[in-house]
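Participant: Since the structure of chain A is provided, determine the placement of chain B on it from the hints.
As they're listed, the protein sequences go chains A and B.
Residues 14 to 468 in the numbering used here are what the first sequence lists, from first letter to last.
Residues 14 to 468 in the numbering used here are what the second sequence lists, from first letter to last.
Calculated from the structure, these hints are not laboratory results.
One should not assume that every hint holds.
The list cannot tell twin chains apart, which means a pair is met if one copy fits it or any two copies do.
Claimed, not checked - Listed next, the in silico BS3-like pairs over lysine-lysine satisfying Cα-Cα at most 25 Å (straight line):
1. K46 x K432
2. K34 x K119
3. K266 x K46
4. K34 x K46
5. K432 x K266
6. K61 x K46
7. K397 x K119
8. K61 x K37
9. K432 x K397
10. K266 x K61
11. K46 x K167
On a predicted model such as this, the values are computed, not experimentally measured, just so you know.
2 protein chains.
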Amino acid sequence: MENSQNRNTWDVIAELLESGKMLKLERYLESLKPAETARAVARLDDEKREQLFQALSPGEAAAVILDLPDSQAADVIGELEPESAAHIVELMPDDERADVLGDVSKHTASAILDRMSPEEAIEARQLMAYADNTAGGLMTRDYLAYTGDWTVAKVIDDLRTHRERYAEYNVQYVYVQSVDGRLLGILQLRDLLLAPSDCRISDLMIRDIVAVPTEDSLDNLIAIFREQNYLGLPVVDRHGHLMGVIIRDSILKATGERDQRTFLKMSGIMGGEELRSMPLRRRIGKRLSWLSLNVFLNIIAASVIALYQETISSAVVLAVFLPIISDMSGCSGNQAVAVSIRELSLGLVRPFELWRVFLKELMLGVVNGVILGGLLTFVAVLWKGNLYLGLVVGVALALNTALSTCLGGLVPLALRRMKMDPALASGPILTTVTDMCGFFFVLSFATVMLSRLAL
Amino acid sequence: MENSQNRNTWDVIAELLESGKMLKLERYLESLKPAETARAVARLDDEKREQLFQALSPGEAAAVILDLPDSQAADVIGELEPESAAHIVELMPDDERADVLGDVSKHTASAILDRMSPEEAIEARQLMAYADNTAGGLMTRDYLAYTGDWTVAKVIDDLRTHRERYAEYNVQYVYVQSVDGRLLGILQLRDLLLAPSDCRISDLMIRDIVAVPTEDSLDNLIAIFREQNYLGLPVVDRHGHLMGVIIRDSILKATGERDQRTFLKMSGIMGGEELRSMPLRRRIGKRLSWLSLNVFLNIIAASVIALYQETISSAVVLAVFLPIISDMSGCSGNQAVAVSIRELSLGLVRPFELWRVFLKELMLGVVNGVILGGLLTFVAVLWKGNLYLGLVVGVALALNTALSTCLGGLVPLALRRMKMDPALASGPILTTVTDMCGFFFVLSFATVMLSRLAL
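Isolated chain A, as found in the complex:
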């Protein structure tokens, strides 16, 4: 490993595997940053990757897998023997474990669960039962809870005794519960620090606390954590029993992941996830399902042009302007779509505020339309010396810019109201409608003006 700095991490790993230097391999993996690990794991061939995870101890393997993006982690776990996978996931934090097992196929997940220790499997199944992006799906079971009759000294003693185990917990609060598990109050660790040691924690706890039901939505949780500086938020069932704790971090991560999925969906990646380490067939499927939908929508939109073939044969120059009108309306519309999706996700606009968005986009669309249409008129006149041609294409672009700007603002709100996913559906709907209208504007105006367009 003398000059490992100058070599690809995956080559170094492959070499260490081949030479059987396991200690060196473990030390080398520890020295990598998570992104480097993820890159290296993706670039090993299937055989080498299997070798790698067989060579690592389950604890080491769990650490490596935690460094991978969720979908890659699920792929790696899915490739392993269920027996080895079970040993590895047992050593992951409970919420991450539930996420990974939720991401592999049902068949694989139950094969792995069957090979885990019964208690761990039961707990994992319980956490997996909650939907993603709900309080139940985001919470951890690793928290500190004591009944209210414990004294400060007893709690501190317990903390000291289980110091090592608790060190892995990401929780900064102590939860106080009744004998039958109902949540009574919360203590900050620093309050323990400052209290007399014979004080009962029920006398010390904050009683006026916020707790959320297991089915609470990510949107609600984001709102709560944005409003308050909580590091953790308790989750309770219908009867007030403490079921788990949501760490501030999980919410920020879940929000980031949701935003990333929105970004990829808007760009036409079905399911909102693709990594180039995925099998080619899966990547093709994700992209092609979107593209083949779009090719049909495009054909439908272009069929408007077919209705005006006579007009085009009289003024062939129009063929130059049709793609310009189509592309530019797409650009204007997509800007408005992006702003609407962003404002929806921040809660700055609500799905029924169509009128407000319409007015805001109309003014902007008209101004931009007039300027862009003017530009196109100018270019057309400069090129062909025909004012009528300039007006036909310029007015069409102006109208269609205003239209696509308004529509782009409204479509995401309308889709959200219909409980559909704005990120995935807004683009295709928008471009199909605005293409059709744009082609219609140019070609119908040109048909009327045909005698003046003779070139």
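Facilitator: Showing chain B alone in chain A's frame:
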């Protein structure tokens, strides 16, 4: 406020302002979620918004402003009298204060700073001097630090004395420094809890610690916080003096904001930020600068069509297919752009790995190209009964899909290597090149085949 549930929050606020019920107003504002506050503030007219912030105490106003998205917060602060703005920002956490003052105009910022207490102004100027998305720009000065000779008892006593002030700090560690301010070590609060009270904190602290220089990049910080469960990370100057602390939260927030900006830039919003509450003129500027660039690029691309007007007049039906080829290549290319931008931001691909991305995209692009080209051939033959027309448009689409898929994957990496912003520049470069190539493929093939296309 009997039925405030059924009324718009901004109407309720306006009414409370008019009737002068300030206590009710404050209580009402406290009851709103941050997104509701942001929505209401955006929907008040300028006059009412001014009234609102005059009516609130500086502390209340600071709380309201902290609930707003960054750009909206800067707009509100910029609208206020510098005197009132100064009182309000003095009550914000120091890192948020530096962010807001960095977002208003230079002139406004210095007017506000001049009216702050001298010490606060000096500290704010120091924090503002660091670039955004560097360790210095992300750190806070609100942390706990003691010299190493302090005992556990003395520290706990200090914590107790300043309990109220420290409660606002988001820090879970105690930093140990030398008399001249160099960082020596770190203590977790829980370690204080478990130690004998006469122990010196220098004997208790962890010495083997990670600290970052003020100029460290967000990318690096993300890597560190992803790898380690740190709640805070100390920032030091060249000489090892403790300058501030970065809270885990700030990194996750900064990452989220960067991703949001990427999303908006990819959709053609200059600067990566637009809210509909911004003045119309600013929104038009952000969108129009992008659109007017694109209209010129579109005209350049479409000029390829102008070279083939004779071909089109012999086979007008080609005009129907040109926008389809252009749109579809854009779709295929954008998918690859999005995956590259995502993989770059996760660190899963490095800017010089052009060859790997090329191979990964080539295979996928060829498969998708063949399938989409086949589809288009089929539709064209079905429509016009002319196999040659079908082959011309199908082969052109197949070639151009493969090309735009590869190019879409490579352009973001190439731009990153040239230190340019892939999110903003990838789209226009890609569509201009693929439009030109697509038009060239269809029309040059058609020119060769012209005798067989006679329709």
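Participant: Please go over all the hints and tell whether each is borne out by the structure.
Facilitator: Taking the hints in turn, this is what the structure says about them:
1. K46 x K432: Between. Shortest inter-copy distance 23 Å satisfies the 25 Å Cα cut-off; intra-copy 40 Å does not.
2. K34 x K119: Classified as neither; 36 Å inside a copy, 59 Å across copies.
3. K266 x K46: both (18 Å within a copy, 21 Å between copies)
4. K34 x K46: Intra 21 Å, inter 56 Å, cutoff 25 Å: intra-copy only.
5. K432 x K266: For K432 and K266, the Cα distance is within 25 Å only inside one copy (24 Å; across copies 28 Å).
6. K61 x K46: Within one copy, since 20 Å is at most 25 Å while 51 Å is not.
7. K397 x K119: neither (64 Å within a copy, 48 Å between copies)
8. K61 x K37: Answer is within: at 17 Å inside a copy they meet the 25 Å cutoff, but 67 Å across does not.
9. K432 x K397: neither (49 Å within a copy, 40 Å between copies)
10. K266 x K61: Intra 31 Å, inter 37 Å, cutoff 25 Å: neither.
11. K46 x K167: neither (40 Å within a copy, 39 Å between copies)
The structure does not agree with the numbered hints 2, 7, 9, 10 and 11 stated previously, though it agrees with the rest.
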